[in-house]
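Every letter in the sequence shown is one number past the one before it in this note's numbering, and letter 557, counting from 1, is 557.
Calculated directly from the structure, the hints in this document are not laboratory data.
Heads up, a few of these hints could be off.
27 Å max Cα-Cα, derived DSSO-like pairs, lysine-lysine [stated by the list, open to error]:
#: 1; residue 1: 193; residue 2: 210
#: 2; residue 1: 318; residue 2: 183
#: 3; residue 1: 318; residue 2: 307
#: 4; residue 1: 274; residue 2: 183
#: 5; residue 1: 183; residue 2: 210
A quick note: this is a predicted structure, and the numbers were derived from the prediction, not measured.
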Amino acid sequence: MLNAIIRFSLHNRVLVLAAAVLIAAYGLFTAAQLPTDVLPDLNRPTVTILTEAPGLAPEEVETQVTFHLETALNGAPGVERVRSQTGLGLSVVIVEFGWGTDIRYDRQVVQERLNQVAEKLPPGVIPVMGPVTSIMGEIMLVGLRSDSLPPMEVRSLADWTIRPTLLAVAGVGQITVMGGEVKQFQVLADPEKLRRYDLTLSDLEEALAKANENSGGGFIVAGSQEFVVRNLGRVRSAEDIGASLVATRTSEGAVRPILVRDVATVREGGALIKRGDGSMNARPAVIMAIQKQPGVDTRDLTEHIDKALAQLRPSLPKDLIINADLFRQAHFIEAAISNVEEALRDGSILVVIILALFLMNFRTTFITLTAIPLSLLVTALIFKFFGQSINTMTLGGIAVAIGELVDDAVVDVENVFRRLRQNRHAPHPRSAMQVVYDASSEIRNSIVFGTAVVLLVFLPCFALAGVEGRLFRPLAIAYIVSILASMVVSLTVTPALSYYLLPRMKRMEHEKDGLVLRGCKALARMAYSVTLPRPYTVIAGGLALVALGVLFVTRLGSEFLPEFNEGTATIMRFDPQSRERESYYIDGAIDGLSAAAGIAVDA
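Sequences and hints are given; from them, build the entire structure.
Rendered as structure tokens:
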């Protein structure tokens, strides 16, 4: 079969080279469109259920809410693990599904189980599913600050203007706002005035609940027209609340209305119980934490968020400072990918230098080097087909394989060149096509077997389960796909280019090995003269080195992932007494010349 592929490529060399050019062009276009991330998608499909039970102690929430939810969700189709956290008046249940399941189907399964357990929960307690977010989904922190606007107004702009606009951007899963002051209409009852009008606090609460309602009043028919009667009771200001009716009292034959302002003070103010705070560069600010949905390209989503903020900026107060660079996962991704790309670039340059030094021939070097871009572009097409992304693991697999991408091509070209030189000095030279075919065929089996042995080393990566498998499997896929692509290139494109470029070389009659290659052969002959007469000594020395290496390996440290130093740091502090968690985000330039810092505190 391999010989048939070589024969087809030589007889249809124009078609093969044209197809290679088209594949390279389409691969280049596809590579520019591939999503990029730091790591592969590690997001196991997860559904979070939040249940508020006001007034219940943690023990009561556990027995009356969390227990029933866990019992209903355990054993649901596709569920692999159920975890829970129970606190004062709050239950958080996390349901994990198997890899590869559709999150929409998973949420439907959870909703069906929640409907079944609803009657077992305390009255007024309703479980709610959290938004669809990614395990590494916090992609941005946006800071809002103003020197003239009060903190309450800045928080209102974040809650009611900026947040809805950003939630409308496709790919945004959730936005959490912290800091500032949450705007409230506060009714401060006066006990003495309530006693004077013979009212209780419950009467005031009931009146306030009924006051903020619109109601219908039927309709009025006037001739051929119908007019709908509506009672507009929705409050819009503190004055509207103060003018709401609480009760009526009869005095001296007249009915006197008792309004809210008669028994309480109504004002606009920040939340009396403040949960969490935020600052930006050591100054009070409102922090918006933006989370993405699973499978969304972080850099593209960041660009769309920037565009949405730019469109919204003219409608906001001029003195409102919006810092969208407080923390960006896109910076981390770009720095990490850039570092791996730099290593990939340096490796490619070294390969070119080594080939030029050893081959000392422009044409053979050019034919060999075509295997690198073609293999990489074919790998990009395979990534697109299977939904893979460009990340540090896939680029790492390509970087490991970069030196082997030219292995098949260089062996083929070297053998073709040697056979063509021998054919030129033969008494009865054969046709160049026959020589190229025979030279490519005679070493093809050895190359294929060698490639298969190398690929077998990475097959155990596909047996890894869980997060380890999701992390290292893309590296193995990138390596295997690029090596197989280089083998296909050496079977098709390399023979066709060799036929066009090598047979008519004028230097072939006097061609000899380069200086570096001659030096290496001389050193090899000296080494053979020493090692071949002493086989047992060489084997014993090799075994001793292997044993020493095993000893050193057992004493090496181990980490799940290498250290990342991409200019971004997240520092967290937890106070067990106050049960507050502080998160400090520092996002700086890689050269350390500029940085922005933010803090978010969750009670």
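Hint check against the structure, violated hint numbers in rising order: none
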